[in-house]
Every structure is written in C-alpha cells, then in structure tokens.
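**Q** Here are the chains, one letter per residue:
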Amino acid sequence: MKVLLGIAGSDETDAALEETVRRAVEANDDLTVAILEETDHESSPDEVEARARDRLDEADIDATIRRVSGDPGSELVEIAEREGFDRLVIGGGQRSPMGKIQLGSITEFVLLNAQVSVTLVR
Amino acid sequence: MTGDRPHSDEQADRFSEPPQTFEDREGREITIRALDPDGFDALAEMYAAFDPADRAQGIPPTGEDRIEGWLETLVDEGLNVVAWDGDRAAGHATLVPDGDDGESYELAIFVLQEYQESGIGGRLMDALLGYGRGNGVENVWLTVERWNTAAVNLYEKVGFETTNAESFELEMSFRLN
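Sequences listed follow chains A and B, in order.
Each residue of the first sequence is one higher than the last, beginning at 5 in my numbering.
Each residue of the second sequence is one higher than the last, beginning at 267 in my numbering.
Be aware that one or more of the hints could be misleading.
Claimed, not checked - Some but not every residue of chain B turned toward chain A, in silico, with C-beta under 10 Å:
no., residue
1, Leu408
2, Thr409
3, Trp413
4, Glu427
5, Ala431
Claimed, not checked - Beyond 12 Å from chain A on every Cβ pair, some chain B residues (computed):
no., residue
6, Thr339
7, Thr360
8, Pro363
9, Gly365
10, Ser370
11, Glu435
As the list claims (entries may be wrong) - Just the calculated beta-carbon pair ranges, DEER-fashion:
no., chain 1, residue 1, chain 2, residue 2, range
12, A, Glu42, B, Pro285, 50 to 56 Å
13, A, Asp58, B, Gly385, 56 to 62 Å
14, A, Gly88, B, Gly385, 42 to 48 Å
15, B, Asn430, A, Thr68, 34 to 40 Å
16, B, Ala416, A, Ser121, 20 to 26 Å
17, B, Arg354, A, Ser121, 52 to 58 Å
18, A, Val29, B, Thr297, 41 to 47 Å
19, B, Asn443, A, Asp61, 40 to 46 Å
20, A, Lys6, B, Ser433, 25 to 31 Å
21, B, Glu343, A, Met5, 26 to 32 Å
22, B, Asp304, A, Val29, 48 to 54 Å
23, B, Phe434, A, Asp75, 46 to 52 Å
24, A, Val29, B, Asp317, 36 to 42 Å
Please keep in mind that the hints were generated in silico from the structure rather than gathered at the bench.
All residues carry an ideal CB built from backbone N, CA and C; glycine is no exception.
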C-alpha cells in the first residue's frame, strides 16, 4: 500500500512515526514521510527529519522523506490525491489539562477534506 | 491553553458554595459537597458504572486503573464537588488549572445516567462555580462537542459564552472573579 505520513514536531508525531513504521515493515508498505515545515512546535523541521531518518534506518526500510511547506493540512490532502496514495496517516489528539482529547486544526482539516482513507494515530 | 481569550462579563455573585442540600425532581435528597479523600472510592465507583455512550472527548476513561489515575490528577490538582445520594456519588464537577497562570481553569461535569434530567447538573454547576469563586479562580473555560445540546444549554444558562466555534468542539468561557 502506498502510504503518506505527515509529521511535525509535536508529541503525537513520535507515536504516529512509530506506528506507521511498524506497520510498513509488516505490510511492506511503500512509505513516504512528509515533514511539515509550517507548524509552530518546539522541534524544528530539521530535528523532526533527523528523528524520522533514524527511525527508518533502524527499521531498515526504504522510505522517501520529503519536506512540505505551505499550509500543512491542505498540502497533505493535495499530495495524497495528486500522487495516488492509498492512505494518509497523521498523529493527533492532544489532551487538555482535564484529559479531554482535542483535535488540532491540521488534523481536523485532513479528516474532513481527504479523499483517501485517513489513519489518526493517538 | 491561553489565558488571554475574551471573557464573559456575567455577574458571578449568584453562585453559592457547597455544601448544598436539595430534593431533586425525582424526590431524592441530594447533597453537594466539596470532595474529601474519603469520597474517592465512591466517586471511582460512579465512573465505573458510567454509560460509555455518555463519554465525551475521551473522558471519563474506561477501566478501573485508568479511571483512578485520571481521578487522582483531578483530585491532586483541581477543585472538585460531588453530588451525593446518601453514600452514593450521583454526579461530579471539577475545575482543573491550566498550569499557565494559576488563574484559568478547565471545567467538566458528569452526572450518572439515572440521575440525569433531575436538576442535579445545574446545582453542581452552581456549587462548583461558587467553590471556585471562593478559591480565587478567575477564568473558567471548557470545550464541548457541538452536537451535545443538553450540555451546551446548561453552560449557556449558567452564563458561559462561546469564545471559539471554529473547530469540532465549541470552546466556551466564563469570567468568575
């Protein structure tokens, strides 16, 4: 399966990367990791890319890493459709002080607008 | 969460601090008290009996361990009031600080299914906001799924105003002090 994973420097990113790589190894997915540049997280895109590369090397899979600038949600949806991906994977669902799950604007945009199947990793 | 969102300007004087005792619409005598440590187990039992269909945005969690872990956070960090029917917990409302400034608190309220629509939710809100006001809470906010009209109506009745309607959930807030 041709899978597009979108990640940025948030906590959910690690879970999404881990889960997607694990699945890609098992299912022999054709994986592309999109590093989202236009987000305001603590980790820079370079750091996110370095972590992703480490994880992919460790799993010994041949995945593509690319940088995505511009509005993250719409770019991911656009790439998934234009390039014929079967599935789009994103992390999402931060917890409030109370413990409520809150979906961010990128997650919401992707869930509502993607024409391909979306996996939300929490 | 930030503390600089717009605040509603309602007068908050009308809230009364716990304890409060009243008869609910089913004729049960209900007492609302601030949660003391002895009440923890009964509260955990209420959540163990909670109908999963009434969960919202991932809370309350399911399973004994997760419920207790979640409640411990609320008890350690927050302000909690519980509606008691004898020694049975019928409802619970809580304010949990953001951590940013110690002035802004997130609110949640849960009423056990068989006690819903009996006037307990409104009284719990009254007691919680009275309790919060007495403890110097300045700003209260919450998020609620927009289809949850019963909850939205309750919050609006108390005086909460919608401060963000752009995502899946409505964000509402209320100026207390």
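**Q** Would you say the C-beta atoms of Phe434 of chain B and Asp75 of chain A sit inside 46 to 52 Å of each other?
**A** 19 Å, violated
**Q** Checking the smallest CB distance to chain A, is Glu435 of chain B really beyond 12 Å?
**A** 7 Å, violated
**Q** Please test the hint of 56 to 62 Å on the beta carbon pair from Asp58 of chain A and Gly385 of chain B.
**A** About 57 Å separates the Cβ atoms of Asp58 of chain A and Gly385 of chain B, which means 56 to 62 Å holds.
**Q** Can you tell me whether the CB distance of Val29 of chain A to Thr297 of chain B sits inside 41 to 47 Å?
**A** 57 Å, violated
**Q** Looking at Gly365 of chain B again, its CB stays over 12 Å from all of chain A?
**A** Contrary to the label, Gly365 of chain B does not stay out of reach of chain A, its closest Cβ about 6 Å off (not over 12 Å).
**Q** Please check whether Arg354 of chain B and Ser121 of chain A have a Cβ separation lying inside 52 to 58 Å.
**A** 45 Å, violated
**Q** Mind verifying the non-interface call on Pro363 of chain B? Its CB should be farther than 12 Å from each CB in chain A.
**A** Nearest chain A Cβ is 7 Å from Pro363 of chain B, so the label is violated.
**Q** Does the CB of Trp413 of chain B sit less than 10 Å away from some CB of chain A?
**A** Status violated, d = 15 Å.
**Q** Holds or violated: the hint that Leu408 of chain B contacts chain A, with Cβ atoms closer than 10 Å.
**A** 8 Å, holds
**Q** Do the beta carbons of Gly88 of chain A and Gly385 of chain B sit within 42 to 48 Å of each other?
**A** 57 Å, violated
**Q** Is the nearest CB of chain A more than 12 Å from the CB of Ser370 of chain B?
**A** 9 Å, violated
**Q** State, for the Cβ atoms of Asn443 of chain B and Asp61 of chain A, whether the hinted interval 40 to 46 Å holds or is violated.
**A** Violated: the Cβ-Cβ distance is about 54 Å, outside 40 to 46 Å.
Of the numbered hints stated above, those contradicted by the structure are hints 3, 4, 5, 6, 7, 8, 9, 10, 11, 14, 16, 17, 18, 19, 21 and 23, listed in ascending order.
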